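*Asks:* Here is what each chain is made of, one letter per residue.
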Amino acid sequence: GDSVTQMEGPVTLSEEAFLTINCTYTATGYPSLFWYVQYPGEGLQLLLKATKADDKGSNKGFEATYRKETTSFHLEKGSVQVSDSAVYFCALGGIQGAQKLVFGQGTRLTINP
Amino acid sequence: DAGITQSPRHKVTETGTPVTLRCHQTENHRYMYWYRQDPGHGLRLIHYSYGVKDTDKGEVSDGYSVSRSKTEDFLLTLESATSSQTSVYFCAIRETSGSVSGELFFGEGSRLTVL
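Residue numbers (my numbering), protein chains in the order written: chain E, 1 to 113; chain Z, 1001 to 1115.
I should point out that these hints are in silico values taken from the structure, not numbers from a laboratory. Warning: the hint list may mix true and false statements.
If we take Cβ atoms under 7 angstroms as the criterion, some of the chain Z residues that face chain E in the derived model are [as the list claims (entries may be wrong)]: (1) Pro-1008; (2) Val-1012; (3) Glu-1014; (4) Gly-1042; (5) Leu-1043; (6) Tyr-1064; (7) Arg-1094; (8) Glu-1095; (9) Gly-1102; (10) Leu-1104; (11) Gly-1107; (12) Gly-1109.
Cut-off 25 angstroms, straight-line C-alpha distance, at most; resulting in silico cross-link-like pairs (DSS-like, lysine-lysine) [said to hold, decoys possible]: (13) Z:Lys-1070 to Z:Lys-1057; (14) E:Lys-68 to Z:Lys-1011; (15) Z:Lys-1011 to Z:Lys-1057; (16) E:Lys-60 to Z:Lys-1053; (17) E:Lys-68 to E:Lys-56; (18) E:Lys-100 to E:Lys-68; (19) Z:Lys-1053 to Z:Lys-1070; (20) E:Lys-52 to E:Lys-77; (21) E:Lys-100 to Z:Lys-1070.
These figures come from a predicted structure and were not determined experimentally. Quick reminder that beta carbons are idealized off the backbone N, C-alpha and C, glycines included.
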């Protein structure tokens, strides 16, 4: 079945460091790919998405490119801030039917000043 | 704002008692979901609904039932709570208009502790 594997956490970085959180997937067909972010005590918010191969999603300085050849959707940010501290989830889903998203296990990111 | 309200937000209960969590939406979306979040597992789908009285199981449905008697409410019931059901439960909706990619929008979660 469909699955998502995320980089194990937790990840701790200093402010202004470069961030990469790896995400690879296994799926039939051509899923849409998502990154969600969860700030402490809150629900999940959509951070960015990509619906087809070679699409790049971007938001708030974060980027991820849908790579069909490597089945990957790695999250990157050039210069992180303390406010980026959160848990990040990679997810995949089809674009037909009930759109049942499948999530990775989440990566906790802590940014130190 | 997807207009999702979960209740209760926090609940402590004892093993063997029934528990019902409610998800309420204000915008008549067709698809609604219940996920649970546990450390090391991310979010896992419990049940989902694709319309009034239309529901189906997710990957971790054992021990849970759902009902959707009207569009705006999706109820998750634990008939006899167990300690393994201690978790944070999230309701989500899918906006069916203007969304080709089908992303979900989540409520703020309900933290359930079963003693």
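*Asks:* Each hint should be assessed against the structure and marked as holding or not.
*Replies:* So, going through the hints one by one against the coordinates:
| no. | hint | verdict |
| --- | --- | --- |
| 1 | Pro-1008 | 15 angstroms, violated |
| 2 | Val-1012 | 17 angstroms, violated |
| 3 | Glu-1014 | 25 angstroms, violated |
| 4 | Gly-1042 | 4 angstroms, holds |
| 5 | Leu-1043 | 4 angstroms, holds |
| 6 | Tyr-1064 | 15 angstroms, violated |
| 7 | Arg-1094 | 5 angstroms, holds |
| 8 | Glu-1095 | 10 angstroms, violated |
| 9 | Gly-1102 | 4 angstroms, holds |
| 10 | Leu-1104 | 6 angstroms, holds |
| 11 | Gly-1107 | 6 angstroms, holds |
| 12 | Gly-1109 | 5 angstroms, holds |
| 13 | Z:Lys-1070 to Z:Lys-1057 | 19 angstroms, holds |
| 14 | E:Lys-68 to Z:Lys-1011 | 43 angstroms, violated |
| 15 | Z:Lys-1011 to Z:Lys-1057 | 24 angstroms, holds |
| 16 | E:Lys-60 to Z:Lys-1053 | 39 angstroms, violated |
| 17 | E:Lys-68 to E:Lys-56 | 12 angstroms, holds |
| 18 | E:Lys-100 to E:Lys-68 | 20 angstroms, holds |
| 19 | Z:Lys-1053 to Z:Lys-1070 | 8 angstroms, holds |
| 20 | E:Lys-52 to E:Lys-77 | 21 angstroms, holds |
| 21 | E:Lys-100 to Z:Lys-1070 | 21 angstroms, holds |
Of the numbered hints given earlier, the model fails hints 1, 2, 3, 6, 8, 14 and 16; all others are met.
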